[in-house]
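**Student:** These protein sequence lines map, in sequence, to chains L and E. Quick note: the first sequence uses my numbering, first residue 56, plus one each step. Quick note: the second sequence uses my numbering, first residue -18, plus one each step.
If you are wondering where the hints come from, they were derived from the structure by calculation, not from laboratory data. By construction, the Cβ of each residue, glycine as well, lies at the ideal position given by its N, Cα and C atoms. Do not rely on the hints blindly, as some may be mistaken.
To be verified - Stretch by stretch, here's where chain L covers chain E in the computed footprint (C-beta under 8 Å, at least three residues):
{"id": "1", "segment": "1 to 8"}
{"id": "2", "segment": "22 to 35"}
{"id": "3", "segment": "48 to 54"}
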Amino acid sequence: MAACHEIEEDAKVYKKPNKILLMGNPNVGKSVFFSNLTGVHVVSSNYAGTTVSYTEGTLKLGNETYTLIDVPGTYSLEATSEAEEVAIRFINSKPLAIICVLDATNLERNIKLGLDIQKYNIPVVYALNMLDVAKRRGYDINVGLLARELRAPVIPTVAVKNEGIKALLDELQKVIKKDKRLCGNCNLCSGCPIRTSNTWDRAREITARVRKKTEGKLSFLDRLGNSMLKPWPGVPIALAVIFISIGVIIGAGKFLQEFLLGPLVSDVIVPFFRRLFSSIMPEGLWRNVLIGEYGIFAIGFEWIIESIIPYVFLFYVVFSFLEDSGILPRLSVLFDSIMRKMGVQGGSMITILLGYGCAVPAIIGSRTATTRKERLMITCIICFAVPCISQTGALISLFAGFSPVLLVLMFLLSFAVMMIVSSVLSRLLKGKVDPMIIEIPNLLMPNGKAYAKKLMLRMKNFFLDAEVPMLISIVIAALLKETGLLEKIAVYLEPIVSGWLGLPRSAVIALILGIIRREMAVAPLLEIEGLTALQAFVGGTVALLYLPCLSVFGILSKEFNTKTALAISLATTLNALLVGGLINQLAHLFM
Amino acid sequence: MRMKNSGHNTKSLYYAEDNHKYVITDAPDLGILKSLGIVKNATVCKKMTHKFGGPVLLMVESSQIAIGKDIAEKIYVRG
């Protein structure tokens, strides 16, 4: 018998040679290890399930180059979830070695996975991470004894501080050179991990031997983390966190807009291009397309840099902090009962909140939902009622000229639509939604470097994803307006835009551009002079509820199918026109 | 159907008293529960049940886990 588990090659999927796998339970810091080891940055967060698919990077050890794979976090290797299936496929793809990250604060279940991995007879090095947190909680772990029990090297690490990484790499190099596999002759050796049938019992046994309970001293953050899980004082703290977050995004966003980016755009950038084009081009249509009132170089900077970027940036500043600090899962626990009434479960709240940034990562993130019904519900809630941050930025700019009450009303409207959509869908859609089962991470201060890298990566992704559609919509806007084509199209859409919605004719452009980018359904309204508060609110409502942008359509077709994407787009558009129109008609009845 | 309190000192985790240690006697056959160590014979410490159909909070080793009502009702404990 060669080994108790034959390694079968999954030729199609994972053929790369020289692979080293990075494995471990969810939320043990694998992604932090990965970015420390490879320099490639992975978005890692302080809650389980960030790495839904795998990531690969290059790892240099001496003169050799290896492919390091960040395998999705798993608790076992029993193929009970998509992540575990991926992990099993990788482990069966002839890797050279495995780095298995163990969370020192939850030794039993981490050792269990460590033992499961050993059954595949691949050289392994264990990184015992978060030893500092374990010590604080009163756990004293005998690392040497653990290494003997596991029959493999165990290196203590604090990944977020980059501690122990060098020792880990040295040990990794040794096991690869030695190819330290088990003999495979399982019947002869007693205690061979391959023969261990009940890894849970063995994990408990090892834990009892290597871990001693001492007097722990909970830190302030530990105590705060615990109290945030109880309704009192958890709910008031959660509400304060939400209000402070909104306050920071809107307040600091407006500050940046008014005192920094606004003057920069209107006093420096736009005049510069105006002078430039005036000096090289004769007056006429093309100069207007470039730098006229609606010119590409005018609205391009005004809409994107002044009205959108500050809010996108600040949203990710706040959201990344909430993510890395472990606050989000606590909100999920506190609001689970409300979410259950909406037909989803508390854990979905994180995905929906992510949608307030951008619908695309949120729809991808909804993969963590355990049933199709739940996934579809989260997706629809996001598409129907959650404005993305670019759009929120544009709405803030739009309502700035009127009253902040309009913004509050708009958010209330968004919640009302969310409630209606979810309760209708939970009745309409077949299937079930699983109850919440989540592990709550420690509350901690995010690591500055990892946080900054994540923020940079998110902003970069925003520019990469949004730049082309934004530029396209700006070029279309400039062409439609400056060539007079808009007036011709407006005639056909006038009954809807002016008759039903009560908006000025030039608002047609918002409806056309909104198809490409969500905030572009609002931005053109900023340019209309003499807009009344009601018109601004109706325009904002239509934009809020309007069909998701082209990128969302793309991701819906990819993650579900084109039929679902078309159905959602059609339903959201009709809903937007219906609600916007009703508000206008009712307001006219009473005013 | 089993009662909330079946008499043999076994009760549903959802209704069990807060801030007590319990040994699990029966838990639904769910991958995620097994993975988190919520298996027969495991010792858990129940912290609290959230009101209005909210989740149960418990500690398994030093990790805190929240379990929705529908599942927590089906986990039986003694102790």
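**Student:** For a quick check of understanding: which of the numbered hints are violated here, in increasing order?
**Tutor:** Hint check: 1 fails alone, others pass.
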